[in-house]
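Engineer: Residue numbers (this note's numbering), protein chains in the order written: chain A, 1 to 251; chain B, 1001 to 1253; chain C, 2001 to 2268.
Keep in mind that a hint or two might mislead.
Straight-line distance between alpha carbons at most 20 angstroms, and here's what the computed PhoX-like set of lysine-lysine pairs gives [stated by the list, open to error]:
no.: 1; chain 1: B; residue 1: Lys1148; chain 2: C; residue 2: Lys2134
no.: 2; chain 1: C; residue 1: Lys2199; chain 2: C; residue 2: Lys2128
no.: 3; chain 1: C; residue 1: Lys2072; chain 2: B; residue 2: Lys1148
no.: 4; chain 1: C; residue 1: Lys2131; chain 2: B; residue 2: Lys1157
no.: 5; chain 1: C; residue 1: Lys2199; chain 2: C; residue 2: Lys2131
no.: 6; chain 1: B; residue 1: Lys1157; chain 2: C; residue 2: Lys2199
Pair ranges (Cβ atoms, derived) [said to hold, decoys possible]:
no.: 7; chain 1: B; residue 1: Arg1085; chain 2: A; residue 2: Gln61; range: 41 to 49 angstroms
no.: 8; chain 1: A; residue 1: Leu148; chain 2: C; residue 2: Lys2199; range: 22 to 30 angstroms
no.: 9; chain 1: B; residue 1: Arg1085; chain 2: A; residue 2: Gln26; range: 35 to 43 angstroms
no.: 10; chain 1: B; residue 1: Asn1142; chain 2: C; residue 2: Val2229; range: 33 to 41 angstroms
no.: 11; chain 1: C; residue 1: Val2034; chain 2: B; residue 2: Lys1060; range: 57 to 65 angstroms
no.: 12; chain 1: B; residue 1: Leu1059; chain 2: A; residue 2: Thr57; range: 35 to 43 angstroms
no.: 13; chain 1: A; residue 1: Thr57; chain 2: B; residue 2: Asn1142; range: 37 to 45 angstroms
no.: 14; chain 1: B; residue 1: Asn1142; chain 2: A; residue 2: Leu8; range: 51 to 59 angstroms
no.: 15; chain 1: C; residue 1: Glu2251; chain 2: B; residue 2: Arg1085; range: 32 to 40 angstroms
no.: 16; chain 1: C; residue 1: Pro2250; chain 2: A; residue 2: Ser244; range: 19 to 27 angstroms
FYI, nobody ran anything at the bench for these hints, they're computed from the structure. Please read these numbers as outputs of a predicted model, since none were measured by experiment. All residues carry an ideal CB built from backbone N, CA and C; glycine is no exception.
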Amino acid sequence: MVIMGYKLPNMSSLLIWGLLWEIIGQTGLTFFVPPLSEVFVTLFKIIGTPAFVKALTETAQAFLAGVFFAIAIGIPVGIFMGRSRLLDELLLPWVNIFVSAPLTALVPVLMVLFGFGMKSIIITTTLFGIWIIILNTRAGVRQINRSLIEMSRSFGASQFDAFTKVYFWAALPEILGGVRIGVIRAVKGVIIGQLLISIVGFGALFELYASNFLMSHFWAVLIVLFALAFSISEFLGYLERRVSYYAANRS
Amino acid sequence: MQNRALYLKVLSALLVFGAWEIAGRIPVSYAFPTFLESMAALARMTFDGSIFVAYAETLKPLVVGVAISTFLGIGFGLWIGLSARFDWLFSPIFIVMQAAPLAALIPLLVMAYGIGLTSKVFVVCIMSMPVIVLSTSSAVRNTPASMKEMAKSFLAKDYEILLKIIIPAASPMIFSGLRLGVSAGFIGAILSELKITPTGVGDIISYSRSIADYPSMYAAIFSIIVLAVLFLNLLEKTENYLFKGNDRGYVTD
Amino acid sequence: MVMSQTESAFANAHPTEQDIAVSIRGVSKNYGAVEALKDMSLDFPRGQLTSLLGPSGCGKTTLLKIIAGLLKHDSGEIIVNGKNVTGPGPNRAFVFQDFALLPWATVMRNVAFGLELRGVPRSEREDKAEKYIKGVGLAGFENAYPHELSGGMRQRVGLARALSVDANVLLLDEPFSAVDEQTRRKFQEDLLSLVANEKKTFIFVTHSIEEAVYCSDQIALLLPRPSRVHEMIRPQIDRSKGVDNIPREPEYLDIVDQIWASLRAYVE
Ligand SMILES: Nc1ncnc2c1ncn2[C@@H]1O[C@H](COP(=O)(O)OP(=O)(O)O)[C@@H](O)[C@H]1O
Ligand SMILES: [Mg+2]
Chain A
1 MVIMGYKLPN MSSLLIWGLL WEIIGQTGLT FFVPPLSEVF VTLFKIIGTP AFVKALTETA
61 QAFLAGVFFA IAIGIPVGIF MGRSRLLDEL LLPWVNIFVS APLTALVPVL MVLFGFGMKS
121 IIITTTLFGI WIIILNTRAG VRQINRSLIE MSRSFGASQF DAFTKVYFWA ALPEILGGVR
181 IGVIRAVKGV IIGQLLISIV GFGALFELYA SNFLMSHFWA VLIVLFALAF SISEFLGYLE
241 RRVSYYAANR S
Chain B
1001 MQNRALYLKV LSALLVFGAW EIAGRIPVSY AFPTFLESMA ALARMTFDGS IFVAYAETLK
1061 PLVVGVAIST FLGIGFGLWI GLSARFDWLF SPIFIVMQAA PLAALIPLLV MAYGIGLTSK
1121 VFVVCIMSMP VIVLSTSSAV RNTPASMKEM AKSFLAKDYE ILLKIIIPAA SPMIFSGLRL
1181 GVSAGFIGAI LSELKITPTG VGDIISYSRS IADYPSMYAA IFSIIVLAVL FLNLLEKTEN
1241 YLFKGNDRGY VTD
Chain C
2001 MVMSQTESAF ANAHPTEQDI AVSIRGVSKN YGAVEALKDM SLDFPRGQLT SLLGPSGCGK
2061 TTLLKIIAGL LKHDSGEIIV NGKNVTGPGP NRAFVFQDFA LLPWATVMRN VAFGLELRGV
2121 PRSEREDKAE KYIKGVGLAG FENAYPHELS GGMRQRVGLA RALSVDANVL LLDEPFSAVD
2181 EQTRRKFQED LLSLVANEKK TFIFVTHSIE EAVYCSDQIA LLLPRPSRVH EMIRPQIDRS
2241 KGVDNIPREP EYLDIVDQIW ASLRAYVE
């Protein structure tokens, strides 16, 4: 929005919402919404505490491991599906099912199969993120210019070289787009996993604070989590824009 | 060629269900029933009607939540898409909501609204609304400028531009936003049944897990995934039917 | 469209006596720091086809949209049929470069859309649209959708839509730039017979010198930086020689050369 010839930055309205939050909090309208200033004070108080650091590391570990598997499995599978028609026709129906299926329903299965610990949470995270990565990688590989493939073949590229030197890079913009959405979904997956499987990490903090009516603690952790999630998604969006310059250039 | 695709789909299903059956027979885990056992459990629940009772319960928050999200989401989306001021004011909220793991709000919702239907409807709403809002607003914003100018040059009034140009032009994208919203709504509905109070399908899953009746548990999970996928496919078919050719025809090719 | 052999469209054109349908007086337009039009003045005689010719970026579209009332100008006046205008009006109709057809509407609804917006009852507007659909040679395609038509056919729909509202000034922004060469030639002939038969004023934007010389009663040669009317040219081509021969006429070639000489410095 432009006010008096000056363009307000994109997310600046969050300040107004923050102010509104503060006012609502100050009036004591509802117990569930403490003033934002109080939340921030709490935030700085708890951010170095062992409980918070533990929650953060537990969550980060599960998240990073889950995302690692989603990417490390998702991209190659996507490339193979983009290259091989048979594989594509066999796998695509399943990928399409899982990309939009209510994956929360699978979490109980993971619990009984893999126990109530880290393993199940990591798998949940991977399950949330992987399908869109596969789909986008596949789409990216399928749009690769035929002459690029023929070029690499004419120069005698090995199958492995073709994958790592041509397909991956030519499909990179789509792959990154998929990774961005996949990672956003993985963030949701890790929290859902922590809430459903075992009450650990941030999930445990939320439960603890909510059941003890520590509202400003609850909101403080929520703000940290949302800010982290948002930063990750913006950072990946930035990377995606960085490579999209050549997406526009290739034909 | 048509047949090949169909055969491969059937083959693919056979492979996966076959693998499931074999893995269940080994068994890979005491908690891994075979495919046939699970299907038998599903058939039993279907014949004794318990699955329908469960779905009546599960669909309640889902339908109510998705309906609210659709109504409010499209309204907000139109508003945001049409007005730069509201775009500036409201977009960031929905962008953050879209990126954030809103499931974390569940403990708070339970405190505020109890463990009843209201909380569950809320969970469905917060899961499904952001994507509906964001796709509606970006669809509205991306209405081809020349179509709006065309209407203006033929003296269209503002409401006519909205009703005859912007909304029809945005509908395909609004509809696909709706589809994503429904998909997220399913996630929310199941999540709330597993997390808040076990009712409906969530109850079958939790209860049969607690008594180690794994075939029933797998059957219930299988059925909810099938239901969601069928419904989303139906929406997609509707979408293709309603808007076929719509995204072509602006361009000059 | 009535495909009769084109008569000399301006056999009776005496520009000084002809009344002026559209007049631009000292119009300026800036996009922020970009000076798109500066103090531009131009007259468009009634019943004639005037081309706006110039390299891209010289403000042709801007000028046309200002005349249409789709863009606000910063200063100066636009006078249509003796009246100062500031917004869109029923006396002007626009044909868009990218057709601007509604992809969800049939040819019939697209052609009748201008009338629909004017509140003409359905049966009446469909009768009228029917007539113009026939006129542009699309009979039988009434129920087709834009994506089922070729580029040339789509532009015919756009043309029929503009004709059906019966505006006396037609504004065409590079209407043929997105259609193939063969269709384009046919279009040019059709346009000439429209000018001859419809008693309307045409303002036609093009970047093709040949097209401008072939179709126009007068050409306003626009040059950029700053945008201005460099020259007014009245080709006076004797069109009775027939489409196929005109490109070989010395007068035609002279005018094309002369325009190219003026433009060449700007297209480097
Ligand atoms: N919406 C706009 N914002 C900023 N500059 C514009 C805009 N539209 C056109 N211009 C600039 O104004 C000049 C004239 O543009 P235009 O009328 O489209 O030229 P033409 O149709 O002759 O190619 C160009 O330099 C163009 O970059
Ligand atoms: Mg132009």
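Engineer: Determine for every hint whether it applies to the structure shown.
Structural biologist: Now the hints, each set against the structure:
Between the alpha carbons of B:Lys1148 and C:Lys2134 the distance comes to roughly 26 angstroms, so the proposed pair goes past 20 angstroms and is violated. Simply put, C:Lys2199 and C:Lys2128 have alpha-carbon atoms about 18 angstroms apart, close enough for the 20 angstroms limit, and the pair holds. Our distance criterion of 20 angstroms between C-alpha atoms is met by C:Lys2072 and B:Lys1148, whose separation comes to about 16 angstroms. The straight-line distance between the Cα atoms of C:Lys2131 and B:Lys1157 is roughly 26 angstroms, outside the 20 angstroms bound, and the hint therefore fails.
The straight-line distance between the Cα atoms of C:Lys2199 and C:Lys2131 is roughly 17 angstroms, inside the 20 angstroms bound, and the hint therefore holds. Between B:Lys1157 and C:Lys2199 the alpha-carbon distance is near 29 angstroms, which puts this suggested pair outside the 20 angstroms criterion. Range check, B:Arg1085 to A:Gln61: Cβ separation about 43 angstroms, and the 41 to 49 angstroms hint holds. Between A:Leu148 and C:Lys2199 the CB atoms are about 57 angstroms apart, so this pair departs from the stated range of 22 to 30 angstroms.
A hinted range of 35 to 43 angstroms is violated for the C-beta pair B:Arg1085 and A:Gln26, which are about 26 angstroms apart. Between B:Asn1142 and C:Val2229, the C-beta spacing of about 36 angstroms keeps the proposed range 33 to 41 angstroms intact. Taking the beta carbon of each, C:Val2034 and B:Lys1060 are about 58 angstroms apart, inside 57 to 65 angstroms as hinted. As the Cβ distance of B:Leu1059 to A:Thr57 is approximately 40 angstroms, the hint placing it in 35 to 43 angstroms holds.
In this structure the hint that A:Thr57 and B:Asn1142 lie 37 to 45 angstroms apart at CB holds, the actual value being about 42 angstroms. For B:Asn1142 and A:Leu8, the Cβ-Cβ distance of about 22 angstroms falls outside the hinted range of 51 to 59 angstroms, so the restraint is violated. For the pair C:Glu2251 and B:Arg1085, the beta carbons lie near 58 angstroms from each other, so the given range of 32 to 40 angstroms is not met. In this structure the hint that C:Pro2250 and A:Ser244 lie 19 to 27 angstroms apart at CB is violated, the actual value being about 53 angstroms.
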